[in-house]
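The listed protein sequences correspond, in order, to chains C and D. Residue numbers for the first sequence follow the numbering used here, so the first one is 4 and each next one is one higher. Residue numbers for the second sequence follow the numbering used here, so the first one is 803 and each next one is one higher.
Hints were generated in silico from the structure; no laboratory data involved. A few of these clues could be false.
[Stated by the list, open to error] With a straight-line cut-off of 25 Å between C-alpha atoms, the simulated SDA-like cross-links for lysine to any residue are: (1) 1324/D <-> 197/C; (2) 200/C <-> 1311/D; (3) 195/C <-> 1117/D; (4) 200/C <-> 1120/D; (5) 1201/D <-> 171/C; (6) 195/C <-> 124/C; (7) 111/C <-> 1201/D; (8) 1247/D <-> 1311/D.
[Unchecked claim] To give an idea of the chain C side of the interface with chain D (calculated C-beta under 10 Å), a few residues: (9) 134; (10) 181; (11) 183; (12) 184; (13) 191; (14) 192; (15) 200.
Computed from a predicted structure; not experimentally measured. We put the CB at the ideal spot given by N, CA and C, even for glycine.
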Amino acid sequence: MSSTLPSNLHKEILITGFGGQGIVLAGQIVGKASSLLDHNESTLTQSYGPESRGGYCSAQVIISEKTIHYPYVRHPDILVCMSQGGFDKYGASIKADGTLILDQDLVKVEEVKCGDIFAIPATRIAEELGRKMMANIVMLGFFTAITGAVSLEATRATVADSVPKGTEALNLSAFNKGYDFGLATLKGRRKKAAGKKGVGA
Amino acid sequence: MDKLKIVLFMCNWGPHAAYQALQDSGADIPAEVRMIRIPCTGRMSKALLFRAFEMGADGVALVGCEPGTCRYGSGTAVAEGNVEDTRGILDLLGLGGDRLRLAMFLPEESQPLLAFLQDFYKVIETIGKSPVSIPPREAPPAVTREMVSQLLTTHDIYACQDCGKCSSACPVTLAGKPFSPRAMANAIIGGSVAAPEVVNDVWSCLTCGLCYDRCPSAVDFPDFIRDMRHIQKVCGRTGHEAHGGFFQSLMRTMTSPDLKIRHWQWLPEDIQTDPQSKTLFFGGCAPYFDTYFKSHLGVQTSGILVDSLRLLNFFDIYPAILSGERCCGHDLLWSGDQENFRRLAQLNVEAIEAAGVEEVVTACPECYRTLSHDYPEQGIELKFKVTHIYDLAEREIDKGAIGFEKLDRNLTFQDPCRLSRLEGRPDLPRKLLHRLQPESFTEMKDRGISALCCGNCAWTGCDSYTKTLQVKRLRQARETGSNMLVTACPKCQIHLRCAMEDPFLGDEIKMEIMDLTTVLAKTIRWE
Ligand code: SF4
Ligand code: SF4
Ligand code: SF4
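Only chain C is shown next, with the shape it has when bound in the complex (with noise of 0.2 Å):
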């Protein structure tokens, strides 16, 4: 399968969530896929929040076509929330228009002004799979099926790439069950959207 990426890229990313859930891991993923892959710019912040402070860690990616000036995240068009800290800090910093993609066992959304919201069980899903630790992995695969915005070669090149040796297979199969369950929810919202809830006419 090949993707072809939006033209004029220019996305900020913003991944939070808590110590050890491999956030940075994540936004260095898409920022070298973007980079070294999808032959994109690409900026990489990261900033820990101490304990006191709600335990959350986050990772600030810029990717666009054109050369970056700026690599802070203030308003992100793609807001990822693996943490309810996270989203509690950052939601409201997120773009009238922008994407709010999050763990949906680990964060509850009061109230939020964006453009649209996307849901994934990736932490129950990386159980399941038999490492509560490839969540982000999973996170990423979702991402990259939703947003469009880091080719699925590139990303799943990087992923390869960035995990322990040894657990190449397990991590791209996170990956993937990521990937299928982001086009499984787009497909769902296609089809509710002309009207096709359930089976037949």
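Chain D with the ligands: place on chain C using the hints.
Here is chain D with the ligands on its own, set in the frame of chain C:
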């Protein structure tokens, strides 16, 4: 062109007098018509009517008495039902229902009878010769000691330790029948293959496989029985077919290569299929079952095929279907007719491969087992893979964004022996069952790999003991407190519904039945 063969089944009473009058006056009865006297049109079962076509008849006329003049009261009404259903079967087979006609005459109506016969002859002449051609059977050899001992060795029946675990699990034995797989095996080892009790036992087994599951020596009774039946058949013995052997006769007829079968002509229009697809949906014989049982059980097993296709469409899969699809042959194989089984298998595989198909999807556990397991085992290689629709559905649903609407029923589940036991996959339907949103789901006492049979396999050996077994099974289902029995095989549904018709037990064993595929299709939703 060969001469046409037109069979006239003529009731002894009313119309025969008219026929005799024609003969006496030397009337111009078409020479192709061969008359067979019968005691009453009501005695001509669907099996007998159809048998004439299996044997190469080009047309069959059933001629009886006007309603009200039937000597036995209900004969004509019964004949009307039988003829209508058999015509439906002939239509599905592509032979054409017009080849079978029912007519009624009073004793003095010899001229109208003559007109009828001449007209029927013209009709058959227009339709032409029947494409049914079944190779003649070779003269049966006698059962030899070698044939039997070879089977005993192949299936390692000698490994039996005489522990009796099989008999204590066998549902037929437990239904009270003087039947024991162990004793039968011993008798066959002892050399009494031809003894009436042994022959009887060979046809009584349900090939359900429960004994095999329990046997510490892994003696595979179902396979052994299957091959013992083959020996019996090769040697010219008759089996204990239910429904007068109608279904076996139907399947043998389907081995005629020139039949232009119209398996899917009834399919609703909203179903989307694609002749170019590399995925083929193999439906199975449900349309024949529904036609056969229309006026009796009112079964709707074709709904399973429709719902399977709707489910595939839901997943954006638009499969090919084979208009000339034939029976997979399961019931021929399991009732001892390996020769015709292979013919069917060959024709199916050729048609599937000619359609350029890479994957065959089926919702019938028997088709699934037969295509994926028995075809290769019986020497018919496949270039395509066979997938049960539950595997496909599970895979698609597992991708996410699909959920199920609430279902206001309390469910229990009847395992299909071919999938749950013979293929060892009781978990597969359960994965899907657990995704559903019913009020409750309660397993029966005997379930999964230990489940009780629905009471029949391969339309063979249906009797009062298997009926007892079915009643026991339905009581188990009711004991769960559920109000819907979910099935996963069209035949479980047919046989269990049949048992529910019992007039004496009435509502005690009645229960709503729905196939799992239908439940899935009814409640699946994009989320
Ligand atoms: S369970 Fe097996 S070993 Fe035991 S009596 Fe039956 S066939 Fe023989
Ligand atoms: S296969 Fe089933 S019916 Fe046949 S002997 Fe074994 S348990 Fe009894
Ligand atoms: S249980 Fe009923 S439907 Fe099944 S074989 Fe016996 S008579 Fe026929």
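We went through each hint and held it up to the structure:
With a C-alpha separation of about 19 Å, the suggested pair residue 1324/D and residue 197/C falls inside the 25 Å cut-off, and the hint holds. Between residue 200/C and residue 1311/D the alpha-carbon distance is near 36 Å, which puts this suggested pair outside the 25 Å criterion. For a cut-off of 25 Å, the pair hint linking residue 195/C to residue 1117/D stands: about 13 Å separates their Cα positions. With a CA separation close to 18 Å, the supplied pair residue 200/C and residue 1120/D stays within the 25 Å bound.
Note on residue 1201/D and residue 171/C: the hinted pairing holds, with a Cα-Cα distance of about 21 Å set against a maximum of 25 Å. Annotation: proposed proximity of residue 195/C to residue 124/C holds, straight-line Cα distance about 21 Å (limit 25 Å). For the proposed pair residue 111/C and residue 1201/D, the alpha carbon gap of about 22 Å is at most 25 Å, so the pair holds. Only pairs whose Cα atoms come within 25 Å are accepted, and residue 1247/D paired with residue 1311/D is accepted, the gap being roughly 16 Å.
Because the closest C-beta pair between residue 134/C and chain D is about 18 Å apart, greater than 10 Å, the hint is violated. Look at residue 181/C: its Cβ gets to within about 9 Å of chain D, closer than 10 Å, so that hint holds up. For the restraint placing residue 183/C at the interface with chain D, the shortest Cβ-Cβ distance is roughly 4 Å, inside the 10 Å limit, so the hint holds. For residue 184/C, the shortest C-beta to C-beta distance to chain D is roughly 4 Å, which falls under 10 Å, so the interface hint holds.
A distance limit of 10 Å between C-beta atoms decides the matter here; for residue 191/C the minimum to chain D is near 4 Å, and the interface restraint holds. Evaluation of the residue 192/C hint against chain D yields a held restraint, the C-beta minimum of about 8 Å falling below 10 Å. A distance limit of 10 Å between C-beta atoms decides the matter here; for residue 200/C the minimum to chain D is near 5 Å, and the interface restraint holds.
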